[in-house]
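4 protein chains.
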Amino acid sequence: MNDTMSGAANWGRWGKNDERGAANFASAERIRDAASALVRTGKVYSLAIPLQASDVPVLPPRAAPQHFMRLDGGDYAAGLKRKGGFQTSDDYIALGTHATTHIDALAHVWYEDRLYNDFPANTVRSNGAKHCGIDKLVHLVGRGVLIDLCAHRKLPHLPSGEVITPAQIQDCAQAQGTELREGDILLIRTGWMSVFRDKATRAEFFKTEPGIGKEAAEWIGRMGFAAVGADNWAVEAIPVEGDVPAPVHRRLIRDFGVYLMELFDLDGLAADGVHAFLFVAAPLRITGGVGSPLNPLAIA
Amino acid sequence: MNDTMSGAANWGRWGKNDERGAANFASAERIRDAASALVRTGKVYSLAIPLQASDVPVLPPRAAPQHFMRLDGGDYAAGLKRKGGFQTSDDYIALGTHATTHIDALAHVWYEDRLYNDFPANTVRSNGAKHCGIDKLVHLVGRGVLIDLCAHRKLPHLPSGEVITPAQIQDCAQAQGTELREGDILLIRTGWMSVFRDKATRAEFFKTEPGIGKEAAEWIGRMGFAAVGADNWAVEAIPVEGDVPAPVHRRLIRDFGVYLMELFDLDGLAADGVHAFLFVAAPLRITGGVGSPLNPLAIA
Amino acid sequence: MNDTMSGAANWGRWGKNDERGAANFASAERIRDAASALVRTGKVYSLAIPLQASDVPVLPPRAAPQHFMRLDGGDYAAGLKRKGGFQTSDDYIALGTHATTHIDALAHVWYEDRLYNDFPANTVRSNGAKHCGIDKLVHLVGRGVLIDLCAHRKLPHLPSGEVITPAQIQDCAQAQGTELREGDILLIRTGWMSVFRDKATRAEFFKTEPGIGKEAAEWIGRMGFAAVGADNWAVEAIPVEGDVPAPVHRRLIRDFGVYLMELFDLDGLAADGVHAFLFVAAPLRITGGVGSPLNPLAIA
Amino acid sequence: MNDTMSGAANWGRWGKNDERGAANFASAERIRDAASALVRTGKVYSLAIPLQASDVPVLPPRAAPQHFMRLDGGDYAAGLKRKGGFQTSDDYIALGTHATTHIDALAHVWYEDRLYNDFPANTVRSNGAKHCGIDKLVHLVGRGVLIDLCAHRKLPHLPSGEVITPAQIQDCAQAQGTELREGDILLIRTGWMSVFRDKATRAEFFKTEPGIGKEAAEWIGRMGFAAVGADNWAVEAIPVEGDVPAPVHRRLIRDFGVYLMELFDLDGLAADGVHAFLFVAAPLRITGGVGSPLNPLAIA
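Protein chains in written order, with this note's numbering: chain V, 122 to 421; chain W, 122 to 421; chain B, 122 to 421; chain U, 122 to 421.
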């Protein structure tokens, strides 16, 4: 491990064959502790936006999710025979794994031809990622914490392009009374989803966004968070700091093995003032997938 | 509610607008209790089979799941420019919602043109299910129990077509020392998945299966289980009892509002002898979907 | 047949079982005559726009065509083994049948629950159109004529929303020296595609369009044309005349059995001043399809 | 050009930028001559098999074509409102471009990292083939000839694995009275499709096939045929001669730039004894596609 802003931060930390990265921080012990300490009412919050073709944010040039019925009630209304009275429906979906609420696999972003933990990027081919695919994560469960910057700053959303710093996160956590711990899944509420929800501002949604910057990425990596999610479309501030695209993705995913999760709906947690909870993400076990659509749950 | 083997068993029980059915039995209190009582080590089990195009069971005429890379490491190897050194991959999936480990929505099966809770089947159209879609479930969390009939009977799998009875389930539960409670998510291990895994018997997998029968369906509905899942492809015994297709689906989904979940991998839980756990299913929030692929998790 | 503006214009004309409609006007004799009389140089014009995901017009809410590589040169560059030196690529497409240059099947539009030739609309179900699907057309070959209204009027494109009349078509044909005959496939150049091609006006493309109106539809049906295509997105003028959606589609497709074809690129023919040619459309033989993407050819 | 069995046979023949290959042999003059000389009755034959999900041959691991209705008559039967009486249907398809009757692009097969005409294989990436894609062919029109080996040999189909030689083709042509000319599109009827059609032998269809061998490939290339199609799944004999996969594909596509077309239905032409005709293939203009589904037409 090194101390610069790039390089193999957590490589080798969990062995040279590790493909789960910082999810290892969310250990069984911490999962157990989160379940016992944080589930107080049993209320479950879904942090996903709807999975549908329209009225949802989809970053160009990705295609919007599609849903097709193979069989439906209309077929029976039109005269389809009911064998023994039996009626059924069936359907298909087709979507980009990053086209709705989702988690990035560690094989999603890299540089210098090496993935997280020194796996060669040449192993990410048309048949999927041999290494660091979403199938290697299996699950992401642990102590979730909400950093509600909107509530803290009394803003409907952070300003366009604002670069969130470690100090802002720490201040907010302190004001909320939320302790931050190694292994946490950090969820940051920027309010930016409201820019999409308001049709008057929708066209601005993908042009910029408030999000974490390089300093916060470094701090997140060093803190040992397992993952970081947000209610924006890239977690990181857009425009980015400097000339290199997606510096936060590069640093967190490839160097630290920290998972990024995007397009979350954090308003339910915020409305109830829930800042710590059992977080459960169950990515589809897509063999070689470089991301997965997600219905992340917070159990409080 | 009535006492016959068909009819509106749980209709109206949670109000005339309810679309979550027996998932209501998995109340916040029971979720809280499961989290505090059953998560002892924090070990997480995924109950999903891999989501991939080959070497997985897909009930004809459904198509196998497809996975397409939109961008991958091969593109960079072939000369794709790295803007500022940045490299990334992207992918798409296309699949039947019932073509891998999945949960049926309440809009998946019905008869006499009425869905669960008296919603008209005419509202299930080409644009999806207006009522009782998987988007109405949002989440299925609660006390999960494994009924390991294979271990109990010391068989690699139950015999082809065996109709599992309430007495068998209760005997197994008692032998395991597992109490059965209202609101539980019941997972039944038949071992039938092993018939698919063995290429010598794979061709037999979809011809028959051991599973629950009508009597067990009635008992499950009356017990107040929220859902029932199994390591076979239809939960219910095939061939079915009588002349009507899918009697267990009809009775449980449409009359009782009980969720069915199929193609589970229960071997990990069985190997560790884990019979009670916090069960978490997070279906994709497919607007109007009549099912969802799933990565169900058991946290013990 | 009747003389009003709606009703069963050509129903029964080719027998009660006919599902090809006005394509029957393009008889073998006429195909033979077109081949012998009109193919003078052997030059072939493709009238299709590119089939791709971006930079192409796709009428909302339809999704843009998608193209996925299953195997490519990048995989070999990344190290994929060449068995015996063999290298290959493979790909998939996914698209709405009406999302690019296409032909409408006769099952695409109807009213009063009856398709062309009195087939019940209830036979168009989730598994496709049992009657009047694109598979029933098989091919559309015959004498094609280009009515180049842009050239005739010396305009880059007809004005937004202009309703093209039979007189305009006849005047243009006369000026071009083009005879119009029963069985012809009529192609109308409005120039409207240029509104899409110019990024400055692209946003206007789907709001309106010049196209044929009710009077022209009636005349086209009475003339015995087999099909009518145009370089706009609906053949007919938008906004439509009156309160009923798509009156030209209704009248031509359902009553007359005349095929409509949209999103054509007619600039090549226009540039060469080619006004009569052997027209060949070979729709994909999609069983039960209600349209087909098309690469229509004009051979002159 | 060289005289060995591999190498750059037709490279440079039509200039270093050429991406249409042997389709250039099907010149405008030859198209004109075919139209005038061969279209005698105007009868049109479709040479495609149905495009559907079941009961069609799909070479593993390719997925079967899928067809989804987005809107259909069942929706209206179920109560969907008719705005002004208007009713319509809409649909989508998803398929491998090689999963039904199709044409291979020149970018489909190569060796030593060079495509036809020396284009680098590194330009075939996840976003498609930059060179030698099916979009570069645009159309394939010309004199088609049917070599009906089944009729000639009085067999329902050629024997499994038979390697068809130039002598066999020439003998058959002579017996039929069919002259073979430069620029022809050669269609070979092996009868092998009948092995699929007969459910008793269907399982044998993809294991072997009669088809052309290396000698015929060389002869086809030297003869200047534009393309060769067949009623089997690979044009070439399986098992192949020697240890190198797909030697005919390699030689014809990559060295000679000759197009291969597969899964044709040639029974209609055979039944009528039609051996020479105007052949028209209009591949979808898939930008960067390495193949296209096809409804090839023979006009006689």
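Hints should not be assumed to be uniformly reliable.
Because identical chains cannot be distinguished in the list, a pair is counted as satisfied if it fits within a single copy or across any two copies.
PhoX-like cross-link-like pairs, simulated, lysine-lysine; straight-line CA separation at most 20 Å [what the hints assert, rightly or not]:
1. K204 - K335
2. K275 - K335
3. K275 - K137
4. K137 - K320
5. K251 - K137
6. K328 - K204
7. K164 - K204
8. K137 - K204
9. K251 - K202
10. K320 - K204
11. K164 - K328
12. K320 - K202
13. K137 - K328
Read the hints as simulated data drawn from the structure, not as lab findings.
The structure presented is a predicted model; accordingly, all values stated were derived computationally and were not measured.
Verification of the supplied hints:
1. K204 - K335: Answer is between; shortest inter-copy Cα gap is 18 Å, intra-copy 62 Å.
2. K275 - K335: For K275 and K335, the Cα distance exceeds 20 Å both inside one copy (25 Å) and across copies (57 Å).
3. K275 - K137: neither (45 Å within a copy, 39 Å between copies)
4. K137 - K320: So K137 and K320 fail the 20 Å test inside a copy (48 Å) and across (33 Å) alike.
5. K251 - K137: This pair counts as within: shortest intra-copy Cα distance 15 Å, inter-copy 38 Å.
6. K328 - K204: Close across copies (19 Å), not inside one copy (53 Å); limit 20 Å.
7. K164 - K204: neither (41 Å within a copy, 43 Å between copies)
8. K137 - K204: neither (57 Å within a copy, 29 Å between copies)
9. K251 - K202: Between. Shortest inter-copy distance 15 Å satisfies the 20 Å Cα cut-off; intra-copy 46 Å does not.
10. K320 - K204: neither (47 Å within a copy, 26 Å between copies)
11. K164 - K328: Classified as neither; 35 Å inside a copy, 41 Å across copies.
12. K320 - K202: This pair counts as neither: shortest intra-copy Cα distance 44 Å, inter-copy 27 Å.
13. K137 - K328: Cα proximity of K137 and K328: none, with 39 Å in one copy and 43 Å across.
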